[in-house]
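Undergrad: If you want the building blocks of each chain, they are given just below.
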Amino acid sequence: MPDDDRPADDVARDRPDREATVDRRGVPETYDRIAEHFSKTREHPWPEVREFCESAADSATALDLGCGNGRHAELLAERADRVVGLDVSRTFLRVARERAAERGYDDALAPVAGDAACLPLVDDSVDLAVYVAALHHLPTRETRRASLDDLARVLTPGGRALVSVWAVTHSAFDREEGFDTTVDWTLPGGEKVGRFYHVYDLAEFEADLDASTLTVADVYESEGNCYAVVGGERVEGKRT
Amino acid sequence: MKESLMDILCCPLDKQDLELEVVRRDDDEILDGRLVCTECGEEYPIEEGIPNLLPPDMREETPA
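Line by line, the protein sequences give chains R and V. Each residue of the first sequence is one higher than the one before, counting from 1 in the numbering used here. Each residue of the second sequence is one higher than the one before, counting from 241 in the numbering used here.
These are calculated hints, taken from the structure and not from any lab test. From a predicted model like this one, the values you see are computed outputs, not experimental measurements. We treat Cβ as the ideally placed atom computed from N, Cα and C, and that holds for glycine. Among the clues, some could well be false.
[Claimed, not checked] Computed spacing ranges between beta-carbons, pair by pair:
| # | chain 1 | residue 1 | chain 2 | residue 2 | range |
| --- | --- | --- | --- | --- | --- |
| 1 | V | ASP266 | R | ALA217 | 30 to 36 angstroms |
| 2 | R | ASP184 | V | MET246 | 19 to 25 angstroms |
| 3 | V | GLU243 | R | ARG234 | 40 to 46 angstroms |
| 4 | V | GLU259 | R | ASP124 | 20 to 26 angstroms |
| 5 | V | LEU253 | R | ALA211 | 32 to 38 angstroms |
| 6 | R | ASP107 | V | GLU259 | 21 to 27 angstroms |
| 7 | R | ARG103 | V | ARG265 | 24 to 30 angstroms |
| 8 | R | ALA172 | V | ASP266 | 22 to 28 angstroms |
| 9 | V | LEU253 | R | ASP210 | 22 to 28 angstroms |
| 10 | R | PRO47 | V | ASP254 | 35 to 41 angstroms |
| 11 | R | ASP174 | V | GLU259 | 20 to 26 angstroms |
| 12 | R | ASP124 | V | LEU271 | 39 to 45 angstroms |
[Unchecked claim] Some chain R residues close to chain V (C-beta under 10 angstroms, calculated; not the full set):
| # | residue |
| --- | --- |
| 13 | ARG24 |
| 14 | SER125 |
| 15 | PRO188 |
| 16 | GLY190 |
[As the list claims (entries may be wrong)] Residues from chain R that keep clear of chain V, each with C-beta distances beyond 10 angstroms, as calculated:
| # | residue |
| --- | --- |
| 17 | ARG42 |
| 18 | THR61 |
| 19 | ASP123 |
| 20 | PHE173 |
| 21 | THR182 |
| 22 | THR186 |
| 23 | THR213 |
| 24 | GLU223 |
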């Protein structure tokens with residue numbers, strides 16, 4: 001599928017980007033720069049996300065965490081009265097809003113600029129969430145785990161979320177263990193914009209989920225991605 | 241943003257309630273304004289109907 005952002009066409013440069021682990025100020029700007037071109041190549045929702053949304057119960061509030069152009073927010077809008085589309089890039093959010101207006105779900109979509117590791121949503125406010133291909137952009141394990149904890153915090157007690165990250169098993173990578181890398185996005189003029197990725201192995205993904213306060217219902221790999229179906233905070237708190 | 245969104249928004253830093261200050265609105269939405277944390281006082285802008293609740297260290301225009 002050419003319009004699929006699984007790790008297929010980008011060449012991964014295997015170099016840990018130490019700077020990205022310290023200063024994240026440039027992150028919104030990076031995504032602002034690629035947003036419009038990126039959006040044109042990211043039209044279709046992933047089948048795994050479609051299945052998850054179609055099997056979900058009707059909900060009051062849904063969250064598309066790292067929503068980009070909102071292609072998955074559209075699926076959530078079929079299940080929820082209100083869909084919060086959260087992204088670091090305000091350009092992406094404007095694209096998502098235009099797309100929602102063209103497709104008739106703009107009344108449900110609430111675009112919010114925010115950081116996935118530091119959610120601006122109150123406890124127990126989200127019944128249904130997708131967090132697709134975004135967690136792997138957070139630069140440290142500590143930040144990624146904080147993000148999973150924050151997702152647990154905002155989910156209602158019966159809430160459900162689907163989380164996905166790139167997996168080392170994809171044919172683009174020749175590795176068995178998770179690693180940090182920078183993957184270029186090539187703009188139409190040929191300019192390259194580097195983006196941080198942590199590519200996960202499944203055991204490591206499970207370990208990060210287990211270390212978080214999320215309840216884990218299912219973890220699996222499909223088509224070069226790790227997926228997890230999760231619920232809100234475990235009643236007994238963190239396992240150690 | 242719709243005013244009803246205030247039900248679920250909070251300060252990203254300390255998760256406390258926000259106070260809405262409207263600068264410009266139409267019948268349905270708040271177009272420009274500010275969200276101010278009732279606890280830490282941090283201010284978050286609403287621009288073109290989109291609340292910017294990025295933590296201050298990830299915002300472009302960091303107050304001096």
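Undergrad: Look at each hint and say if it fits the structure.
TA: Here's how the hints hold up against the structure:
no.: 1; hint: V:ASP266 <-> R:ALA217: 30 to 36 angstroms; result: violated, 42 angstroms
no.: 2; hint: R:ASP184 <-> V:MET246: 19 to 25 angstroms; result: violated, 40 angstroms
no.: 3; hint: V:GLU243 <-> R:ARG234: 40 to 46 angstroms; result: violated, 34 angstroms
no.: 4; hint: V:GLU259 <-> R:ASP124: 20 to 26 angstroms; result: holds, 21 angstroms
no.: 5; hint: V:LEU253 <-> R:ALA211: 32 to 38 angstroms; result: violated, 23 angstroms
no.: 6; hint: R:ASP107 <-> V:GLU259: 21 to 27 angstroms; result: holds, 26 angstroms
no.: 7; hint: R:ARG103 <-> V:ARG265: 24 to 30 angstroms; result: holds, 25 angstroms
no.: 8; hint: R:ALA172 <-> V:ASP266: 22 to 28 angstroms; result: violated, 47 angstroms
no.: 9; hint: V:LEU253 <-> R:ASP210: 22 to 28 angstroms; result: holds, 27 angstroms
no.: 10; hint: R:PRO47 <-> V:ASP254: 35 to 41 angstroms; result: holds, 39 angstroms
no.: 11; hint: R:ASP174 <-> V:GLU259: 20 to 26 angstroms; result: violated, 53 angstroms
no.: 12; hint: R:ASP124 <-> V:LEU271: 39 to 45 angstroms; result: violated, 29 angstroms
no.: 13; hint: ARG24; result: holds, 6 angstroms
no.: 14; hint: SER125; result: holds, 4 angstroms
no.: 15; hint: PRO188; result: violated, 24 angstroms
no.: 16; hint: GLY190; result: violated, 26 angstroms
no.: 17; hint: ARG42; result: holds, 20 angstroms
no.: 18; hint: THR61; result: violated, 6 angstroms
no.: 19; hint: ASP123; result: violated, 7 angstroms
no.: 20; hint: PHE173; result: holds, 29 angstroms
no.: 21; hint: THR182; result: holds, 19 angstroms
no.: 22; hint: THR186; result: holds, 24 angstroms
no.: 23; hint: THR213; result: holds, 14 angstroms
no.: 24; hint: GLU223; result: holds, 31 angstroms
Violated hints, in rising order: 1, 2, 3, 5, 8, 11, 12, 15, 16, 18 and 19; the structure is consistent with all others.
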